[in-house]
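Engineer: Protein sequences, first through last, are from chains A and B.
Going by numbering that gives the first Met the number 0, the first residue of the first sequence is number 0, and it counts up by one from there.
Going by numbering that gives the first Met the number 0, the first residue of the second sequence is number 0, and it counts up by one from there.
Read the hints as simulated data drawn from the structure, not as lab findings.
A couple of the hints might just be wrong.
Claimed, not checked - With the Cβ distance kept under 8 Å, some of the chain B side facing chain A (calculated, not the full set):
#, residue
1, Ile2
2, Val10
3, Pro53
4, Leu67
To be verified - Covered by chain A, per the in silico footprint, the following chain B stretches (three or more residues, Cβ under 8 Å):
#, region
5, 17–31
6, 34–45
7, 54–65
8, 80–93
Cβ atoms here follow ideal geometry from the backbone N, Cα and C, with glycine treated the same way.
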Amino acid sequence: MSTLHLVALAPFIMAIFIPFFYFKFRHIHTGWFILPLPLILFIYLIQYLPLGGGPMETVERSVPWVPSLDIHFTVFLDGLSLLFALLITGIGTLVVLYSIYYIANKKEEPLNNFYVYLMMFMGAMLGVVLSDNLIVIYVFWELTSLASSLLIAYWFHKEKSRYGAQKSMLITVTGGFAMLAGFSLLYMMTGTFSIREIITYGDAIVTSPLFLPAMILILLGAFTKSAQFPFHIWLPDAMEAPTPVSAYLHSATMVKAGIYLVARFTPVFGGAPEWFWIVTGFGLFTLLWGSVSAVRQKDLKGILAFSTVSQLGLIMSLLGLGSAAVHFDVVDGQSLYTVAVLAAVLHLINHATFKGSLFMVVGIIDHETGTRDIRKLGGLMTIMPVTFTISLIGIASMAGLPPFNGFLSKEMFFTGTLNSATLDIFNVQTLGVIFPAVAWIASIFTFVYCMIMLFKTFTGKHHPERLEKEAHEAPAGMLISPVILASLVIIFGFFPNLLAYTIIDPAMQSILPGLLEPGEQFYVNIYHWHGLNTELFMTMGVVFFGSMIFLNHRKWQETTFYLKERDPLNWFYDSGLVGLIKGSTVVNDVQMTGRLRDYFTYMFIFLVLGMGYMLWNTGALAVDMANTADISIYMYIITLSLVLATVVIPFVSSRISAIVLMGVIGFLVALLFVVFRAPDLALTQLLVETVMVVLFLLVFYHLPELKKETFKPAFRLTNFVISIGVGLVVTLTALSAHALSYENPISPISDYFVENAYALAGGNNIVNVILVDFRGLDTLLEVLVLGIVGLAVVVLIKFKAKKGEDV
Amino acid sequence: MEILMILTVGVLFTVATYMILSKSMLRVIIGVVILSHGAHLLFLTLSGLKQGAPPLLGEEASAYTDPLPQALILTAIVIGFGITAFMLVLAYRTYKAHKTDNLDELRGTEDE
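With the hints as extra help, turn the sequences into a complete structure.
Structural biologist: Next up, the structure:
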């Protein structure tokens, strides 16, 4: 157990103490107790940054968990995990601070729940990014889904919260299962769960027939988590969560877990054309779909949700395009395609800063005005100047305008798509034009929803009568976190190279290992002015067309496209869910009828089909007429009587005849035991049969006559067919077992008892010795069972129900 | 002889199944009793019939029949007896409470 293990586990430990803080210090906001933890973790993790230049040193610490299954809790810290860990703890600190002001410490507010879930998420997320073992990653991965779902349903009295929570849970956990299956396939190919060891297998994985299934299954996990089309529908509904949660989980960290997974597996799958096309294709389509859908939203958080979907698609597509880099030589620490990976890492950081601040700003607006509906808002610029300034910075960055950090990554994104358009592998050819074209169109829509957000909220006429509260600026404490994030937007915008060799290069080294010689670094130099190149003209075009569309918004505001804001894909989810419930109800109604006969029917049919299929399928069916013992005449008499007595039973309608027949059967069986040299069995059977007949007589005296059962013929026929089936299958199985037992003679284990019965237990009757000595404890428990039965019988007979009481 | 016994056992199983599928509680109980007879005989048959003296060491025989299945069947007979006794009393009690032994009429409410 190392300090790094503790980093992942600390939030869980903290969660244990939260209820104590909450109930013991009720008047202090619980958030204050939590705040130091992410801050300390953040400061601790900063030490690992290669601040002095040179490549980052990776750290690995391992603790065995289930060594026999190759599951070790191995923490592995490289550039990629460090980047994510810093995001999780850094944004986590700001979010906790913000939440202290956002969720007031009211009397009935279950703050302890909120912070327990939040800590659970933070620990799980750190676990995902710090683990090297796939199974450990999976466990933490599902924990993040669980925590996310719990946080969405934090205000569970709201119907929409519950709907959103269930939706996110179903979609992300389904993806998680697929991912687990993918991990298992990887294990089948390589025999290890360690990612770094898997990476060393390289070609063995690429040539395996399981390569494609494993890749698709793992991508399913990544796409559901990172809200890629068509799984993105859960993210807008997750906005029912308190805004700090949306800022933290649903824009800055958890939804990027899928990005993390794709980046992590780029060394394994990257280079395959399928990987390139799937990741890029889904990423670009999500980018487009998200940005177009965001324009239709009227809820500020809805806009941000679809914007997040779209930006996640952007990062995803960049990782896809960047995976082509493994096929090209790197000259001077860069190639045409590494720039896409560089852009992905940079945008990941930028998105966390500007989207985090925007979510917090929207939370402030919601908090201070009581609504997030852009149709009600307007003219807040003068009323909330600080909020407006932060929004302006965040939105400008999101729209990709200079001098903010969003501009840098947006330009680089264009560069990446333009470079990839000229790819000469993976059958890109003329299709390559699609990359920059889609990127450009999506960016126009991004610009449009940015304009909508800014102008509809802050300019225009202020309508106090439409708002639930009187609007005013937020308290200072609430503004701290967004101000810090907005400052970062500006700092990273002006000094992007602060990040270059501290975090971007180490992260790129993790995503694209093996491209560089040991000790080399990627060339990372980010600057604003590249001259009058295509990228700049593309940005100008975005601004021009985006403004044109926005200025004409009156024209398209009444179209159905704009008025119907709900994502059409929700139909599939909703009707799927309804269908699932209906389907289960039907199955349940068919299966759980409450009739004993139906249950037995299912069991018998299953028995017949299952056994019959096995007999037929394994070719076990065999009949062996030889090797049988001689049959004497009295055997025929006994068995014939037994068969006769049995066959008559169903036709008997008088109680007494039934009992007599039962007795006949029992005594004939006892007789058979005698013939087969089992004296103990015969004795026991005689005794039991005698008692049984008496018991039957006693009870039957009180019970009604066996009425002639008046069944419909169909009912009787099914019973008959099932009975014949069972009898036939049992007979055939027994015949085959009998025949095969001579083919494969197995020496019985009972020789031991025969040899040792006298020596060890001093008894001559071997059966008795087995029962009371060798297996004495079993017999003791059997006596216990009989004792319980005896008690139950006495109670049932003596029990006198009080009036109105049921049995 | 094994073949003969197996066929007999098949008949026992068939009739037992038929009885278990009926509506009257008593018939079901009878079915279960016959089923356990069938199972015991099947077990004994498959362990090989008449291959030596009874498993009593005093017989001084060169070979004994397999004692292990006999021990298991003995346990099964006793447990089977316990279960039958319990089912009979349960049927008696149910009849006292509901005045019927028809399983169809004894179905629970719709909510169950």
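Engineer: Where does the structure disagree with the numbered hints, that is, which hint numbers, in rising order?
Structural biologist: none
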